[in-house]
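Visitor: Here is how the chains run, residue by residue.
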Amino acid sequence: MPRFIKKYKEKVGLPPGTLIHLGRDRSTESRITLFDYNEKEVHEAEITKVEDCFPFRDTATVTWINVDGVHQTGVIETLGSHFGIHPLVLSDIVNTRQRPKIEDYDDYLFVVLKMIYHGNQTDKPVNNTVGKPADSISHINPGTRHNGEITAEQVSLIIGPNYVISFQETPEDLFDPIRKRLTSSTGRVRKMGADYLAYALIDTIVDNYFVILETLGEKVEDLEDELLKNSTESTMLAIHSLKRDMIYLRRSVWPLREVTAFLERGESKLIHKTTRIYLRDVYDHTIQVIDNIETSRDILSGMLDIYLSTLSNRTNSVMKVLTIIATIFMPLTFIAGVYGMNFENMPELQWHWGYPLVMLFMTGIAVSMLLFFRKKKWI
Amino acid sequence: MPRFIKKYKEKVGLPPGTLIHLGRDRSTESRITLFDYNEKEVHEAEITKVEDCFPFRDTATVTWINVDGVHQTGVIETLGSHFGIHPLVLSDIVNTRQRPKIEDYDDYLFVVLKMIYHGNQTDKPVNNTVGKPADSISHINPGTRHNGEITAEQVSLIIGPNYVISFQETPEDLFDPIRKRLTSSTGRVRKMGADYLAYALIDTIVDNYFVILETLGEKVEDLEDELLKNSTESTMLAIHSLKRDMIYLRRSVWPLREVTAFLERGESKLIHKTTRIYLRDVYDHTIQVIDNIETSRDILSGMLDIYLSTLSNRTNSVMKVLTIIATIFMPLTFIAGVYGMNFENMPELQWHWGYPLVMLFMTGIAVSMLLFFRKKKWI
Amino acid sequence: MPRFIKKYKEKVGLPPGTLIHLGRDRSTESRITLFDYNEKEVHEAEITKVEDCFPFRDTATVTWINVDGVHQTGVIETLGSHFGIHPLVLSDIVNTRQRPKIEDYDDYLFVVLKMIYHGNQTDKPVNNTVGKPADSISHINPGTRHNGEITAEQVSLIIGPNYVISFQETPEDLFDPIRKRLTSSTGRVRKMGADYLAYALIDTIVDNYFVILETLGEKVEDLEDELLKNSTESTMLAIHSLKRDMIYLRRSVWPLREVTAFLERGESKLIHKTTRIYLRDVYDHTIQVIDNIETSRDILSGMLDIYLSTLSNRTNSVMKVLTIIATIFMPLTFIAGVYGMNFENMPELQWHWGYPLVMLFMTGIAVSMLLFFRKKKWI
Amino acid sequence: MPRFIKKYKEKVGLPPGTLIHLGRDRSTESRITLFDYNEKEVHEAEITKVEDCFPFRDTATVTWINVDGVHQTGVIETLGSHFGIHPLVLSDIVNTRQRPKIEDYDDYLFVVLKMIYHGNQTDKPVNNTVGKPADSISHINPGTRHNGEITAEQVSLIIGPNYVISFQETPEDLFDPIRKRLTSSTGRVRKMGADYLAYALIDTIVDNYFVILETLGEKVEDLEDELLKNSTESTMLAIHSLKRDMIYLRRSVWPLREVTAFLERGESKLIHKTTRIYLRDVYDHTIQVIDNIETSRDILSGMLDIYLSTLSNRTNSVMKVLTIIATIFMPLTFIAGVYGMNFENMPELQWHWGYPLVMLFMTGIAVSMLLFFRKKKWI
Amino acid sequence: MPRFIKKYKEKVGLPPGTLIHLGRDRSTESRITLFDYNEKEVHEAEITKVEDCFPFRDTATVTWINVDGVHQTGVIETLGSHFGIHPLVLSDIVNTRQRPKIEDYDDYLFVVLKMIYHGNQTDKPVNNTVGKPADSISHINPGTRHNGEITAEQVSLIIGPNYVISFQETPEDLFDPIRKRLTSSTGRVRKMGADYLAYALIDTIVDNYFVILETLGEKVEDLEDELLKNSTESTMLAIHSLKRDMIYLRRSVWPLREVTAFLERGESKLIHKTTRIYLRDVYDHTIQVIDNIETSRDILSGMLDIYLSTLSNRTNSVMKVLTIIATIFMPLTFIAGVYGMNFENMPELQWHWGYPLVMLFMTGIAVSMLLFFRKKKWI
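Chains as they are written, first to last, in our numbering: chain S, 372 to 750; chain B, 372 to 750; chain E, 372 to 750; chain V, 372 to 750; chain R, 372 to 750.
Heads up, a few of these hints could be off.
Just so you know, same-sequence chains aren't split out, so a pair can sit in one copy or run between any two.
Using 30 Å as the maximum straight-line C-alpha spacing, the simulated DSBU-like pairs for lysine-lysine come out as follows [what the hints assert, rightly or not]:
hint, residue 1, residue 2
1, K562, K382
2, K600, K746
3, K590, K747
4, K746, K590
5, K590, K748
6, K644, K382
7, K382, K590
8, K644, K472
9, K644, K562
10, K411, K551
11, K382, K551
12, K590, K600
13, K562, K551
14, K472, K640
15, K411, K382
16, K748, K600
Note that these hints are calculated values from the structure, not bench results.
Chain S on its own, in the form it takes in the complex (with noise of 0.2 Å):
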């Protein structure tokens, strides 16, 4: 991928907060909804020129922008300036490789979040995500990992006295629960500040989190059985597979716990003592979230060992076959090559019984060789 390398290298000894999208690039226009909601009504609008949004601002009612596509820096940029946010922030919303954050600039909260969600995963089969190793982006952004199944995508909020605005890199969203519950008059989302909308967006993307790891669990579950019943050189892989995707996960989650955390601890004037509460709910969420990833990368590592003395039994019992056939045979094989010997004295070839005796004698090197191996439990 020289693109992205190029792009590193170009960035590299720019000004700080030189807008440079990292990222995925997209053809289409990025895409502002806007919310503007109290208790009483709600204004919904689809805004073309990012200039449009900016009267709501100073209203008392709650604002909620959403941007889809971070790709158009200068539409980023123009927002930025408006509101007043520090370069540097928005050089990280165009930037989609963060890890989870949260920094307080005073006047407004800036968090970074990774949402993850299944792309179009019915009709692929398990082994799917083997042979196909996350590009090399992905060692750097998992934020542009589509690992067969699984797409994470950077959200980054900022969360105001009055507004939230939050950034995707895609139209795909998981708000649009959120959207209804606005929308209808009697959510207590509409009667709640800029904090509780801040609270419901990343409740969701956690609460998300959840059905990833479900899906995952089931893909645990099925690879148990294929490992039990008949593993093969795909079983290990699809578990290594799943194991580097806990890896990923893992690392999209756990800073998360810090950004709950310093939440819910409230230092922020942002945040009111009555959301703090559902904050602690998001951090409990994002606890038992990591807690889940742990206990699964344990199972898998479990499932690799035991796919290891798996093959260790079969080589050896491989080897049982081999040596029983050697030993029953090469004796035989031997007398019989004895008595094929062309020697003029060999009186045992004159014996008229001579011929069936050896058989005899044969058979009793077998049949003892086979009581040897069963005491030695080998068949």
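Fit chains B, E, V and R to the known structure of chain S by using the hints.
Guide: Coordinates of chains B, E, V and R only, in the frame set by chain S:
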């Protein structure tokens, strides 16, 4: 288990505090029992309508409400709203995939525990745990796991100033001794408050971990005997299965350390000073359980290493048998082959003692080979 | 060991502080000895009725009560109630499955230790530890473990302002030198308080860990010799057995660090400043013991790796022997077979020099094979 | 490399602060370049006599002195004594075996970094890193390591109130973009102080780690392909070589975390508040780099496991081929041997259909063996 | 080594502070040298009677008393009692099995270090370390270990306000450069106090670790070459031996971190502010040494993995040779056997071209087998 996945998918994006039962489904109704007592008298009742237990809330006596079955979210909701329980707490109660935790809501403490006990284990052999890998849910939630013999269920406690509400998944529990101590007038439990009752419940659950560990310890012992005498692939699988049991057990117990430490430090005003000394005892027990689990894991790892060494040793000795046989009989067969050649001019064939001499020569080769192997300590 | 399981099952749900002896059963009675001393005089007595030692409690002199045998819960209870010991402490004393710990009850300190010493080890070979895996109790409680040679028992200390009560499981102990120092009038121990006596007892126990480590170290050395000269499967099992000994030892010593650190910090008013400097020394020793255990574990792990490498090397060289033999004799046997064919028209058979030529040819093949193997450094 | 040993031996016991160059020897002279700038003007100069840069020290403008080559201890000493640098600092500058660190000397900060960049890597194959183990110095100092492609050198920074002095080992560096930004009048760097210049230098070095990681990531990818398609011993060695690269990289980057954290916390008065936000960005990048290294190490470990499994699988399948051949042909050869015996009385030999019958029988044996192996899934 | 065990057994239960020498026994007397100096003059003396150095204690000049040999407990005791050293300190000095530590006794600091240097190593090959496992004492005390080449001895320092007393086990030491710096009038050491002298001694010891590490690094390099070219079992044992050296070295250096950190923090009033900057340098070096040790351990572990992989690869290729030979010659021998059968009715035997045809057929089989193996990349 598509049912669960569907549920998690449904849950994503829902308003927080929405009660969605995640755990075992049951057809029976929830069952509510109530104890109301002070030093002088005790009142025991089975509640059929959840509203019947509301009056006990405001009495000066200590009230213990025990709810069997958390699948009827309506019951939980009614109870919760009357006692002023936060919706997130109720949501955690019905989602039985929590890790053990404690949350301080000032008016009440919310504690989640995992109760682990033996199901109907009597007549199953050790190896029964093999080949029945935990279902996919177990990767997410050890609470719904039936690994042959050990069953775990979630117990949630709400500890108020003068009441304790406990929620269990099934009617089976370990609390009968406490019920007896409550009805008999002599026990310390009758003289003390709701915090002591909560302690007694937690203590019972923790004490039972020792029983579980002893049973697992016995299995470890059996496997050790098997390992040294006659290990097979199923021994290895059984060790792995036990190791995984330990992983799950550890996961249930490890967070308990924080729970009991929180209670012992007595940061909540709901915990009296006299009770704290008992809670320290529970904390000690928790540490001891964790210690035992870690030791068992080390021992099981050691056993797997022994298994693999044994396997290598066996391959080695199979190889030796093969090599000995081949090394003895290949030269002999070759010699027999030589004298089986049909050259017209082979003077040895006409010698009178040719045949016995060759046989003697072959015996010499065989004997010297055997001596060589004896020197190499192969036989 | 169903007895213990039964006991644990009985214990679950009982009121806290119920005295149930968990540990070795003994038929003999508990034996109580008493030392009462100050700088000027010393009084030594064997107590037959536990009440006899009550008067010493309120004297200004330092009193040391040593109880051998904790299976008679009645004795413990009487003693405990007179000295105002909390029921939970008494319960911990009779349940010999505690990990080392310290508890501060203001009026007295409660310390649990593991005393480890050699039983009757003289005439047993090293490999005796092999094949006799620790019994199931040992997984729960190293206290009742007899791994061939090393015995561990629980020692509980109650350190009051002017008395020390020590509880042991068996009459065998390491305290005789202290008894001598007490009866001889010159020692520092006579001039100082109960805290110094407690220090002396703890110091003796910790010092003895070095003796144990030296014995284990010698075994490690013997096994190393065996490993490099003539390792067998029993070598591997002996290494594993030692490794497990280290696990148990570590488990007994590791928590001691906290115990001695607590005492050294002198947070309790029962510990005088002058004694603290001695307690720092014990703390140092504890760290040293842990350090030695960790190093030994590393070395034993390395030895297991060497064993496995050696095993692979052996399989390799067995394979080589087989391959050399097969590679030399298979072609030769084939050639002999060819000239053993009964075709009527095989001109070579009629050649006068046919037989010697073939023999020469075969020798040539054998020699070139040997040269090939020498080049490959197989021989 | 006896030279270095000699040097270290010489160094032992010398007074601290004695300047002894430990690192690559160079024949060329040190080269000093100087930038002196404020918002309005910039002065760039190549210094031939070290004393020429002394006047710039006391100007109000920001001065950046860059010294290429630390082997001329005289130059370093003169410069150091004029700027009041502690002898221990100078000693650390010329000894290029430091780990990254920061030291606060009140008047100035002393920072040590490792600059890692690509040498001339274009036309070398991946496996070139194999077989060329790092030289002995590299175990002590990654700074002088040339592992085929990646070169590391030590960069020392002295950050004063209005000057930055940077020391490098070689003239090659990554600072050209910063020089350009300094000479062009528009950049932020011209408006800010010496601390921002230091930030820019550190940022450039850290940014370049990403470039290195991308290159290594590509190699990992290539090796993964090789591993799954056609792994040989050299694949394994290349993985190990990359793993070791990661060890060295980690060692260079890990301590950087503390360096950047120290700067970010702004405990020194030399770091202005406005610069700290940029330093947090560097800190973030450092964490990201460490994260990537850890993930790569996990992946490489997984790849080694795959390699070993593949190897076992191969041995297994080689064994199977051998066993199949032996199991089929040994019985057949035996039967042929039987009918090659020279007994006079072997009635089968006279049968007219004897030969075809035996051939049929042998075919039957061969076929049933093949069926047996098919059933065992060996073929 | 029953001597040591006896000693430890003797030690158990003795009053604390009893001086019992644990370490190497020596027949020679302890040797005491004394330096007394200030900026202007220096007095050097060899002390024969320990009392001779008492007068220097109360002079204003700095006094350095160096005691070679700690086996004469009487000397230590006399010296200690005059300087007011706590008996526990004296006991630690003569028991040379301490880990590095620092203790603050207000009036003086007590520091324990491990001095590691090369004995007479010149003409021994690398593999000499193999087969000579550390003696049993070494498991307890690296201080008395002679692993072929590296020798460790305990150095104890007592740092008073104007004196330093150093205790070594043997006369060999690394302090000659310091002696020279003391006698030459120019050095900084003459101008500064006892704390600086102590720093100089510690610095010398720490600096020497680098020399040791370089020597070990060279061995690692040699082993790497051996590993890639021609590894044998002795290579593996040498790697293990080096790994163990690293374990011991790490154990000697790791606690030093705390020692130097304590000194650097300057919590004792005996350490002046000007000296602290030098102590920070020692601290840095200690970290660097630990860093190097960890890296070396990682590299050695990697080398062992390479060794094992190589071994598996070799077994694999031996197997391949065997299988190729067997697969080619077994069918051929079988065919030869068929035509060696003595059936009367075997028409092929009478064919004129029978023999050449069969030979051709066999050649065909052999060639196709070879092609099959070439396709499988076995040859």
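Visitor: Are the hints correct? Go through all of them and say.
Guide: So, going through the hints one by one against the coordinates:
In this assembly of identical chains, K562 and K382 lie within 30 Å of each other by CA distance solely across copies; the values are 21 Å between and 44 Å within a copy. Proximity of K600 and K746 under a CA criterion of 30 Å is satisfied in both settings, with 28 Å inside one chain copy and 14 Å between copies. With identical chains, the CA atoms of K590 and K747 are at most 30 Å apart between copies only, with a shortest distance of 27 Å across copies and 40 Å within one. In this assembly of identical chains, the alpha carbons of K746 and K590 lie at most 30 Å apart only when taken from different copies (28 Å versus 42 Å within one copy).
For the identical chains of this complex, K590 and K748 are inter-copy neighbours only, at 25 Å across copies versus 37 Å inside a copy, given an alpha-carbon limit of 30 Å. In the homo-oligomer, the alpha carbons of K644 and K382 lie at most 30 Å apart only across protomers (25 Å), although the nearest pairing inside one protomer, at 41 Å, exceeds that limit. Taking the shortest Cα distances, K382 and K590 sit within 30 Å of each other only across copies (22 Å), while inside one copy they are farther apart (40 Å). Proximity of K644 and K472 under a CA criterion of 30 Å is satisfied in both settings, with 22 Å inside one chain copy and 21 Å between copies.
Within a single copy, K644 and K562 get their C-alpha atoms as close as 15 Å, which meets the 30 Å cut-off; across copies the closest is 38 Å, which misses it. For the homomeric pair K411 and K551, the shortest alpha-carbon distance inside one copy (15 Å) is at most 30 Å, but the shortest distance between copies (56 Å) is not. In this assembly of identical chains, K382 and K551 lie within 30 Å of each other by CA distance solely across copies; the values are 14 Å between and 41 Å within a copy. Taking the shortest Cα distances, K590 and K600 sit within 30 Å of each other both inside one copy (15 Å) and across copies (24 Å).
Taking the shortest Cα distances, K562 and K551 sit within 30 Å of each other inside one copy (15 Å), while across copies they are farther apart (49 Å). Taking the closest pair of Cα atoms, K472 and K640 come within 30 Å of each other both inside a single copy (18 Å) and across two copies (27 Å). In the homo-oligomer, the alpha carbons of K411 and K382 lie at most 30 Å apart only across protomers (26 Å), although the nearest pairing inside one protomer, at 47 Å, exceeds that limit. In this assembly of identical chains, the alpha carbons of K748 and K600 lie at most 30 Å apart whether taken from the same copy (23 Å) or from different copies (12 Å).
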